[in-house]
Each structure stands twice: as C-alpha cells, then as structure tokens.
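Peer 1: Take these sequences, add in the hints, and give me the full structure.
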Amino acid sequence: MSSKKNQLTSIRDSQRSFLNRDFNAFKSSLTQYARTFFSDKLSDFGQNGFAGMLIEINAYVGDVMSYYMDHQFQELDLTQAVETKNVERLIRNSGVKIMGASPSIVKIDFYVELPSILSDGSYVPNLTFAPIIKAGTILSSGGGVKFTLLGDVHIGQTTYAGVMYADYVTMNTDNDGNPTSFSVKRSGFCTSASISEEQFTIPNKFKAFRTISLASANVSEIISVIDSEGNEYYEVNSLSEDTVFRRMDNQKSDKDLVSENLELIPAPRRFETSTSNMTKKTTLRFGGGSALSTDDDIMPDPSDLSLPLYGKRKTLSNFTIDPNKLLTTTTLGVAPQNTTLTVSYRHGGGISHNVSEASIKTVSTLMTKFNNSVSAADISSIRSSLEVTNVNPAEGGENAPSINELRSIAISHRNSQMRIVTKQDLIARIYTMPNKFGRVFRVGIRANPNNPLASMVAILSRDSDGNLINSPDSLKANLRTFLNESRLISDALDIVDTPVYNIGVTYGVTVSGNANSDSVLQKVNEGISEYLKIENFQIGEQINISDIVNLILNTDDVVGLVDLTFSNLTGEIGGNQYSDSSFSVTVNTARGIIKCPDGGIFELKFPDDDIVGTIR
Amino acid sequence: MSEILDYDYSFKSSGIRVGDDPRLEELISSNPVGVILPLRQGVERSGIFEMSFDPIVQIRNNLKNLILTNHFERLGNPLYGANLRPLCTEYSAIDNFDAAVMDRIQQAVLKFMPIVELDDFSLSMVNDTDPALLRIDMKIKYNVPKISSMGNVISLSFTLI
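Protein chains in written order, with the working numbering: chain H, 1 to 616; chain G, 1 to 161.
Because the hints were derived from the structure by calculation, they are not lab data.
Each statement offered as a hint is correct.
For lysine-lysine, the following DSSO-like pairs were computed, each having C-alpha atoms within a straight-line distance of at most 30 Å:
#1 107(H) x 252(H)
#2 111(G) x 139(G)
#3 64(G) x 41(H)
#4 255(H) x 369(H)
#5 64(G) x 139(G)
#6 533(H) x 476(H)
#7 41(H) x 146(G)
#8 41(H) x 111(G)
#9 605(H) x 423(H)
Peer 2: Take a look at the structure:
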C-alpha cells in the first residue's frame with residue numbers, strides 16, 4: 001500500500017518539475033499521470049483523441065515554460081548568456097569596467113630655441129627664458145588626429161643639484177663661434193583623447209544615487225567633477241569605497257627619483273561610472289546621502305552597531321555581523337543637490353589614432369607659462385620657435401571591445417582580486433604602482449624569520465644613469481600607502497632595502513693557434529657581460545657556473561677553459577665605487593651554483609673592469 | 001430508490017442472469033473511452049461532455065479528426081494530420097487529385113493510427129449553390145482488425161476554392 005502511495009507521490013513530484021524537460025518528456029509524464037488518475041473517466045489518451053490533444057497542448061505549454069526557465073538559468077552564466085543586457089550585467093558583476101574606444105598615447109619631443117648665457121666659463125641655455133608647456137596643449141598629426149599634452153613639460157627643470165633634465169644643442173653662434181642660442185629638447189606624453197567639459201544643473205531636490213549622463217561617447221577618463229561651491233567629487237570603483245589616493249608634488253631631496261607622493265584622503269563626495277556597451281556613453285552615479293550628513297559620512301559612529309538586547313534575555317546566541325558596517329556609512333557618499341556640476345573628461349579614441357612615427361608635426365593650440373621677467377617679444381619669439389615630433393609611433397589606441405571580448409576579459413578577471421593574498425599578488429601590486437610615485441626596479445619577497453605573519457619585501461631602484469640604488473624614502477612611503485589599501489589586516493609587510501653584491505669574474509682560456517687573442521677575449525667578455533647584466537637578474541637569483549663555462553667554451557676560437565673564479569667586489573677598487581655589501585663566494589658556492597644571500601641581488605657593475613680574461 | 005422487479009423464480013435458481021434484463025446490462029457497462037467531437041453536453045453517464053463508450057465509435061471520431069487536421073494546427077505536434085487543406089487550392093494543378101488525397105490520408109493513418117486498415121476510398125464532386133465553390137464528398141471504408149471491426153465507413157466533405 002505504501003509503495004503505491006510512494007509511486008503516486010513520485011508521479012506528482014515529477015509532474016511539478018519543469019527542469020530539464022522537453023515536449024516529449026512532458027507528454028509522456030502527463031499521459032502517465034492521466035492514465036493513473038483518470039482511467040475511470042477516460043481511456044483514450046492517444047494523440048488522435050481529444051484527451052491526447054489536451055495533453056499535447058499542456059506539454060507544449062510546459063515545454064515553452066521549460067525553455068524560458070532554461071533560458072533564464074543560461075542567462076545567469078557569463079559563458080552562455082546571449083542577451084546583451086544580461087552579458088553586460090554579468091561583466092559588471094565580475095568587476096570589469098565596460099569601456100569605449102581607447103585613445104593612443106605617444107611621446108612627443110618638444111624643441112624650443114633659448115638664448116645662451118655664460119655660466120662658469122661655458123655657454124648654456126638661459127633657463128630664465130625656458131617656458132613651461134602646459135598640459136592641454138594640442139598637437140595634430142598629418143592625418144588630422146589631435147593629440148593633447150597630458151602633463152606640464154618644464155623645459156628648464158633641473159635636478160636638485162641644478163643639472164638640466166633637457167638635452168640641448170647649439171643652434172646659432174656669433175662671429176667668434178660662441179653659441180648665441182640653443183635648441184633645447186624635452187619630452188612629454190600626449191593622448192589622442194579630446195577634453196570636453198559639461199555642466200549639469202542639479203535641482204534643489206534631494207535624490208539618492210542621482211545619475212548624470214555625459215554627451216560624448218568613448219569616455220576614457222573623468223578628469224574632474226566640481227560643483228559650484230568648489231567641492232570636488234572623486235571617482236571610486238564602487239560607492240562603498242570612501243577613500244581615494246591623491247597625488248602630491250614631492251618637495252623632498254629625492255624628488256628627482258620620486259616626482260609625486262601618494263596620499264590617502266576621505267572622499268565623502270564620490271561617484272562611480274558605468275559605460276553602456278550599446279551607446280558607449282558614460283553615466284556618473286553619485287552617492288545616496290544628503291549633504292547634511294557629510295560629517296556622519298566621514299566619521300561613522302561605531303556605537304550605532306551595538307547589539308540590541310530587548311526584554312529579559314540574559315544569554316546571547318551566536319550572531320553574525322557585517323564588519324563593513326563599522327567602516328562605512330549607509331549613505332555611500334553624498335548626492336549633489338541645488339548646485340551646478342562641471343564635469344571635465346577625456347573621450348575619443350580608436351585604432352586609427354595609432355599614427356606612425358614623425359607624423360605629429362603641427363601645434364594647433366599652444367599653452368605656455370613663462371617667467372614674469374620675460375618680455376612679450378621674447379615670449380612670442382620662443383613660442384614661434386617651438387617644434388614637435390614623435391620619434392615612436394603612437395600606441396594604445398583600440399576600438400571599443402566587442403561583447404565577446406568583454407566576456408573573455410570578465411571570465412579571466414574573476415580570478416583577480418583587489419587584495420594581496422599571494423606572493424604573486426604582492427609583486428604585481430608593487431610593479432603596478434604608477435611610476436610618478438617612484439619606480440621599483442626589482443622586488444623580492446621572503447618570509448620574515450622573526451615573525452611568521454610578516455613578509456619581507458626587498459625593493460631596489462635605479463638612478464637616472466641606470467645604476468642600482470637603494471629606493472628613496474618617498475618611494476617607500478608611497479609604497480606603504482599604496483599597499484596598505486589592499487593588505488590583509490593580519491599581514492605585515494616589512495619594506496627593506498636590497499643588498500647589492502658586486503661580483504668579478506676572472507678566467508683563463510686557451511685559444512686556437514691562428515686566432516687573434518684580443519678578439520677572442522673581447523668576445524668572451526661580451527658574452528659574460530651580456531649574461532650577467534642586471535636586467536637578467538632578480539632578487540635572490542643565483543648564478544649557474546656551468547652556464548658561464550658553457551658560454552666561454554662555445555665562443556669561437558676558444559679551445560679550453562683553464563680556470564674560472566668569481567670574487568666579491570666591495571668598497572673602492574681602482575677608482576670604481578662598489579657596494580659595501582659583502583659575501584663569501586666560497587661559502588655560498590655549492591654544486592656549481594653561487595647562491596645569492598637572502599634578499600640580495602648580484603650585480604656586475606663595471607663589466608670593462610670586473611671581467612678579467614687571460615690567454616694561457 | 002431501487003425498483004421492484006417482478007420475476008418468477010424457480011428453486012433451481014438463486015437469482016436472475018445479467019442478460020435477462022437490459023437495465024442490468026447498463027449498470028455493468030465499461031468506462032468511457034473518449035470524448036465525442038464536436039463537443040456537446042453529456043447526457044446520462046457521460047458527465048460534462050458527451051463520451052463514447054464503444055472503441056469503434058471512438059476510432060471513427062479519431063480518424064475523422066486525423067483526416068480533417070492540417071499540418072501546424074496542433075501545438076507541439078506540427079506534422080499531425082492528413083494535411084488536405086493545401087490540396088484545396090491546387091485542384092486544377094494536380095493531375096491525379098484523387099490519388100493525391102488518398103496518398104495523404106494513407107500516410108497519416110500509417111503514421112498516427114496504424115491500428116486502422118484502409119479498405120476503400122471514393123470521392124465525388126458536388127456542385128454547390130455557389131458556382132465558384134466545388135464541394136468534394138469522400139467516403140472512406142476501413143477496418144479495425146484488432147477489435148474485429150470490419151466494414152466501417154466514414155463520410156467527409158470539404159470545399160475546393
């Protein structure tokens with residue numbers, strides 16, 4: 001009896017399921033159902049009878065519903081979704097920002113003619129006349145693509161020691177052959193994106209999460225959003241982010257290496273952007289709070305989260321808590337009200353903007369700033385002397401990604417995250433810090449032997465001549481600010497300098513009888529120098545002696561390798577200044593490998609002096 | 001209310017046999033087979049709609065249904081039916097109209113009602129009152145060997161345009 005009941009229950013349950021069924025499956029189930037429950041009322045359930053027709057109609061309805069249910073499930077999966085709106089939504093959900101066409105970037109050389117001045121017995125460009133070519137200067141390529149200068153180009157900028165950054169050559173001389181003017185060259189980056197400004201009048205009516213849409217398509221960057229009271233609105237990835245990074249000019253002595261500092265500031269006025277894949281137009285979405293609650297917005301009150309205890313409860317059960325509530329407010333930023341927003345942004349781009357080298361020659365709009373002491377005539381003369389060119393082709397211009405390209409990006413982006421968990425995350429985060437805040441040349445991560453929760457981050461930089469130097473303090477400070485945003489709270493990162501171990505190589509070879517000894521040694525030296533050049537080394541990377549043996553023996557006319565020794569060079573030797581870090585080559589050599597001491601890096605600093613070869 | 005029956009009983013009998021009274025036969029008749037088309041209000045035992053209690057009647061109904069149904073009329077079963085309607089507009093264009101109609105009916109019966117064995121087919125033209133229309137009367141003879149029902153006939157008619 002109970003088995004019959006179970007059977008009927010099973011039939012009923014299967015009838016209710018609309019998943020994974022087609023017309024025939026529904027028809028079969030409905031027929032079975034009808035035969036089980038209505039056999040005393042009707043017996044002809046075949047497709048030719050009236051009952052069969054009703055079953056087929058119901059199966060059809062079920063099939064259609066099942067199709068749409070399957071479709072809905074399919075639309076939840078990024079790999080299978082077909083409706084553009086759903087694909088867009090899923091792409092956004094994966095954290096990928098939909099962008100329009102991207103502009104190209106090109107390095108432009110600016111040449112201006114400056115009068116000369118006698119300084120310390122030699123003629124140099126008179127920097128009093130040197131202009132600042134302002135960001136926003138517009139140049140044109142032969143094909144008509146406009147390029148806008150991204151940052152100010154200080155023609156007369158000098159290092160902390162007073163040395164000019166710019167290159168210069170003599171242009172005109174007087175009768176005695178002394179330079180009267182120089183052609184001074186400095187470079188700056190330009191983008192093919194155009195800058196537009198739009199104003200939006202916001203009525204005196206509070207509206208949470210107010211949105212405004214920009215008129216131009218393919219917006220690549222929102223430069224600024226400022227209201228009529230002068231308040232600045234900051235762009236954030238998500239409205240739940242309440243702080244942003246701000247760039248500040250570095251005024252310290254290491255400004256040559258680190259031009260800007262990074263600062264974290266609260267951003268109660270903020271917005272997020274989204275771009276429609278259909279129209280390529282960008283919409284700004286502001287926060288949901290009123291300006292009256294700005295104070296609360298900056299400083300949320302943690303006591304608001306205190307656990308409510310009503311009645312006579314004396315015990316507490318386990319409860320869950322959202323830690324974000326302690327850090328953020330419910331308003332998600334301030335919504336503008338009764339003001340006028342001025343939005344400045346860059347837009348435009350495409351693959352056609354990747355113009356060839358030496359095609360940007362025309363200055364369409366020139367914006368300059370001169371020292372107050374420079375006369376109008378001189379200003380006019382210097383401005384008219386300006387010439388520009390691009391040595392390299394413009395790069396980076398791309399058409400807007402298609403929906404399928406975005407889909408692929410989103411799938412791969414799912415694996416990434418905005419926090420540092422693995423060693424690779426940390427290395428990637430350090431290398432991607434904008435180089436205005438200092439450039440890290442090499443990073444090495446190792447465990448801190450004294451603290452199991454800490455990692456030691458050894459960093460190294462290079463000076464303008466390409467020599468290895470300890471990273472400047474400003475860079476470390478910027479790195480600390482930059483990493484702290486994505487660091488897990490329980491992790492500790494110790495940013496330390498990387499000891500540089502200078503090495504020397506001495507070898508003796510026998511060469512074939514008719515070979516030119518000097519030529520052979522030169523070839524071997526070049527080979528070793530190429531192998532040991534700093535670009536090929538990472539922090540902690542070892543030297544494989546067999547590789548160098550192999551390299552020497554494979555050099556033309558080398559018959560045999562008699563001896564090969566490595567040494568550690570420190571202090572000053574023959575006028576060359578080496579690192580003070582030392583290590584024992586003998587102790588650190590085992591099984592044909594020279595191991596680098598923890599957190600250090602090998603450097604062949606002066607290849608001409610540090611590689612000594614002898615013909616035996 | 002039960003009816004009092006007036007019978008003579010012998011001592012050799014313990015009652016009456018089913019066949020002795022037609023009213024008793026009705027009481028033990030079989031369940032309904034199917035719904036009769038066109039739908040109409042049921043009488044007596046039929047319930048809401050008129051039902052057939054005889055498989056032969058139901059098969060006739062179903063066969064008529066099959067022949068009069070055209071393709072794409074059935075939801076979810078688009079190729080159900082003999083699909084005779086397209087022939088209505090091609091009467092003069094088809095050399096052997098009778099054979100074409102017969103072929104379609106035969107194909108449909110073979111596919112959807114293999115229980116039916118077609119026996120004879122006749123077709124006659126009838127000039128209707130409207131001179132532009134031509135009515136065709138069909139008479140189909142068929143057997144249902146499985147239930148030993150032989151010599152069944154259905155008559156159908158449709159109009160040529």
